[in-house]
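Participant: Using the sequences and the hints given, assemble the complete structure.
There are 2 protein chains.
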Amino acid sequence: MVGIGPGHPLDRTRRAEEAIARSRVVIGYQRYLDLIADLTEGKELIATGMTAEVERCRIALERAEGGEEVALVSSGDPGIYGMAGLALELAAAHKSPVPIEIIPGVSSANAAAARLGAPLMCDFATISLSDLLVPWETIRARIEAVAAADLVCVLYNPRSKKRRKQLDEAAALFRAHRSGATPVGIGTSLGTEGETVVLTNLDDFLNHPIGMRSIVIIGNSSSQHLGNWFITPRGYRLSW
Amino acid sequence: MVGIGPGHPLDRTRRAEEAIARSRVVIGYQRYLDLIADLTEGKELIATGMTAEVERCRIALERAEGGEEVALVSSGDPGIYGMAGLALELAAAHKSPVPIEIIPGVSSANAAAARLGAPLMCDFATISLSDLLVPWETIRARIEAVAAADLVCVLYNPRSKKRRKQLDEAAALFRAHRSGATPVGIGTSLGTEGETVVLTNLDDFLNHPIGMRSIVIIGNSSSQHLGNWFITPRGYRLSW
Numbered sequence: 001m002v003g004i005g006p007g008h009p010l011d012r013t014r015r016a017e018e019a020i021a022r023s024r025v026v027i028g029y030q031r032y033l034d035l036i037a038d039l040t041e042g043k044e045l046i047a048t049g050m051t052a053e054v055e056r057c058r059i060a061l062e063r064a065e066g067g068e069e070v071a072l073v074s075s076g077d078p079g080i081y082g083m084a085g086l087a088l089e090l091a092a093a094h095k096s097p098v099p100i101e102i103i104p105g106v107s108s109a110n111a112a113a114a115r116l117g118a119p120l121m122c123d124f125a126t127i128s129l130s131d132l133l134v135p136w137e138t139i140r141a142r143i144e145a146v147a148a149a150d151l152v153c154v155l156y157n158p159r160s161k162k163r164r165k166q167l168d169e170a171a172a173l174f175r176a177h178r179s180g181a182t183p184v185g186i187g188t189s190l191g192t193e194g195e196t197v198v199l200t201n202l203d204d205f206l207n208h209p210i211g212m213r214s215i216v217i218i219g220n221s222s223s224q225h226l227g228n229w230f231i232t233p234r235g236y237r238l239s240w
Numbered sequence: 241m242v243g244i245g246p247g248h249p250l251d252r253t254r255r256a257e258e259a260i261a262r263s264r265v266v267i268g269y270q271r272y273l274d275l276i277a278d279l280t281e282g283k284e285l286i287a288t289g290m291t292a293e294v295e296r297c298r299i300a301l302e303r304a305e306g307g308e309e310v311a312l313v314s315s316g317d318p319g320i321y322g323m324a325g326l327a328l329e330l331a332a333a334h335k336s337p338v339p340i341e342i343i344p345g346v347s348s349a350n351a352a353a354a355r356l357g358a359p360l361m362c363d364f365a366t367i368s369l370s371d372l373l374v375p376w377e378t379i380r381a382r383i384e385a386v387a388a389a390d391l392v393c394v395l396y397n398p399r400s401k402k403r404r405k406q407l408d409e410a411a412a413l414f415r416a417h418r419s420g421a422t423p424v425g426i427g428t429s430l431g432t433e434g435e436t437v438v439l440t441n442l443d444d445f446l447n448h449p450i451g452m453r454s455i456v457i458i459g460n461s462s463s464q465h466l467g468n469w470f471i472t473p474r475g476y477r478l479s480w
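Those protein sequences? They're chains L and D, same order as listed. My numbering puts the first residue of the first sequence at 1, with every later residue one more than the last. My numbering puts the first residue of the second sequence at 241, with every later residue one more than the last.
Calculated from the structure, these hints are not laboratory results. There's no promise every hint is true.
According to the in silico footprint, chain L covers these stretches of chain D (three or more CB under 8 Å from chain L) [as the list claims (entries may be wrong)]:
{"#": "1", "segment": "246-254"}
{"#": "2", "segment": "308-322"}
{"#": "3", "segment": "330-340"}
{"#": "4", "segment": "343-357"}
{"#": "5", "segment": "360-374"}
{"#": "6", "segment": "470-477"}
Restraint-style ranges between C-beta atoms, simulated for each label pair [to be verified]:
{"#": "7", "chain 1": "D", "residue 1": "A292", "chain 2": "L", "residue 2": "R164", "range": "41 to 51 Å"}
{"#": "8", "chain 1": "L", "residue 1": "G66", "chain 2": "D", "residue 2": "G467", "range": "17 to 27 Å"}
{"#": "9", "chain 1": "D", "residue 1": "K402", "chain 2": "L", "residue 2": "G66", "range": "52 to 62 Å"}
{"#": "10", "chain 1": "L", "residue 1": "N228", "chain 2": "D", "residue 2": "G420", "range": "40 to 50 Å"}
{"#": "11", "chain 1": "D", "residue 1": "E435", "chain 2": "L", "residue 2": "S222", "range": "32 to 42 Å"}
{"#": "12", "chain 1": "D", "residue 1": "E435", "chain 2": "L", "residue 2": "D168", "range": "41 to 51 Å"}
{"#": "13", "chain 1": "L", "residue 1": "N207", "chain 2": "D", "residue 2": "T432", "range": "44 to 54 Å"}
{"#": "14", "chain 1": "L", "residue 1": "R237", "chain 2": "D", "residue 2": "L250", "range": "29 to 39 Å"}
{"#": "15", "chain 1": "L", "residue 1": "A92", "chain 2": "D", "residue 2": "E435", "range": "21 to 31 Å"}
{"#": "16", "chain 1": "D", "residue 1": "E435", "chain 2": "L", "residue 2": "N207", "range": "43 to 53 Å"}
Note that the structure is a prediction, hence the values are computed from the model and not measured. A virtual CB, placed ideally from N, CA and C, is assigned to each residue, including glycine.
Facilitator: See below:
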């Protein structure tokens, strides 16, 4: 399981590049394979569709059981809403003897935070709004708890073409506990050519484009706009 | 602001290495400078003590204002309990004209999760138990909310020589909401020679060594021990 970071070649770790270099077979969603095309010349590439996660893991395990070194790639970090857990579950369910290494990467939350400033300097929560695998009532209760506890919140999978109301509801839950002027940052397609970064606030952020490749960061009561940056101060005394 | 990852040279990104390579001056806590000794030959190195964060940022800004390219290094990710926020705050307070780039890295939570398995596959919260800059009552209320909302939780700065009761109290709060068999992982000195990784549970984890360089990950009601792995399943159907 190799995490390749948010997308830009410079944001990969050397460990990830070395793992891909020594693999004969590289498996992933087509868009992720495109992001590492500079590393895969001469290798067997296997691409599956966006929702074919189980198939991807199964093929990776089968090929590895055949004695080949296989890299199963994930954008960001495979351990954060990625496929690391699924690969381990499948391996355990099938008593696969294949040794598995999980190579962490810079996750989308970390990349978005760096572009926006320093919104995640203090305690925060990370919540996915996709209710494909988790019931919306569970997600909703978590958002409510996080909003009430004044935690900064990173929203993964905030919206897709077919799924729009979850983000509206999340916004209303945060708005019930926080000022409309609370800083909100939106990072989209980070590390790739179409990257956009928007700094806005809780009252305004739904007016900006947000999609499947966006990460939304909602500030807490300490968060500030500081020029063009979004920061959540840790409370240091700023003696010069 | 350059994040160098958890400690091992292979876990740095190329962006971080390039930023250090083009800097004349490299500033950081001595232990972080030791971790990048292979990159800093011939450069001016400025080390300050563990708690001299403001001084470190001030020196970095002053030197950069003098026209030099400066790398202020942070282990893990500078945006996660690091110094990115402080650097931006100081720069704003002093109307410093220096352009600042924040280079994200693999954070300790991501590294610990990868060594343990896949505990952070679903929603989670990250809380620091250090009450040096945040009142304990605030931290305690956040732990209570996170424990009640069944979120997996990453504890940063769980314990130091002088600060022991916070972790005991956090354990009791989680124990009030979760089974004693809930998986708990401890990663210490990740990426360095003294690295240790322990997989245990909520009833037992306080019996293991935990210190300033440890990260503790507390599972939720879905988390499982799977052989030697700690995973929080996302809910995929495991059809082979």
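Participant: How about the segment 308-322 of chain D: do at least three of its residues have a C-beta closer than 8 Å to a C-beta of chain L?
Facilitator: That given contact holds, which follows from 6 residues of the segment 308-322 of chain D lying within Cβ reach (below 8 Å) of chain L.
Participant: Quick check on a hinted range of 52 to 62 Å for D:K402 and L:G66, using CB atoms only.
Facilitator: 54 Å, holds
Participant: Taking the Cβ atom of D:A292 and the Cβ atom of L:R164, is their distance within the range 41 to 51 Å?
Facilitator: Holds, at about 48 Å.
Participant: Just tell me: holds or violated, for the beta carbon distance of L:A92 and D:E435 against 21 to 31 Å?
Facilitator: 24 Å, holds
Participant: When you take the CB atoms of D:E435 and L:N207, is the distance between them in 43 to 53 Å?
Facilitator: 47 Å, holds
Participant: Against chain L, does the segment 360-374 of chain D show at least 3 residues with beta-carbon separation below 8 Å?
Facilitator: Check passed, 11 qualifying residues.
Participant: Okay, D:E435 versus L:D168 on CB: inside 41 to 51 Å?
Facilitator: 44 Å, holds
Participant: Can the segment 330-340 of chain D be counted as covered by chain L under the rule of three residues or more with Cβ-Cβ separation shorter than 8 Å?
Facilitator: holds (count 4)
Participant: Starting from the hint 40 to 50 Å, judge whether the C-beta atoms of L:N228 and D:G420 obey it.
Facilitator: Roughly 48 Å apart at Cβ, these two residues keep to the hinted range, so it holds.
Participant: Taking the beta carbons of L:G66 and D:G467, is their distance inside 17 to 27 Å?
Facilitator: 22 Å, holds
Participant: Taking beta carbons only, do three or more residues of the segment 246-254 of chain D come closer than 8 Å to chain L?
Facilitator: holds (count 7)
Participant: Would you check chain L against the segment 470-477 of chain D, counting CB to CB pairs closer than 8 Å, and say if three or more residues qualify?
Facilitator: Since three or more residues must qualify, the claim that chain L covers the segment 470-477 of chain D holds, with 7 doing so at under 8 Å.
Violated hints for the displayed structure: none, as all numbered hints are satisfied.
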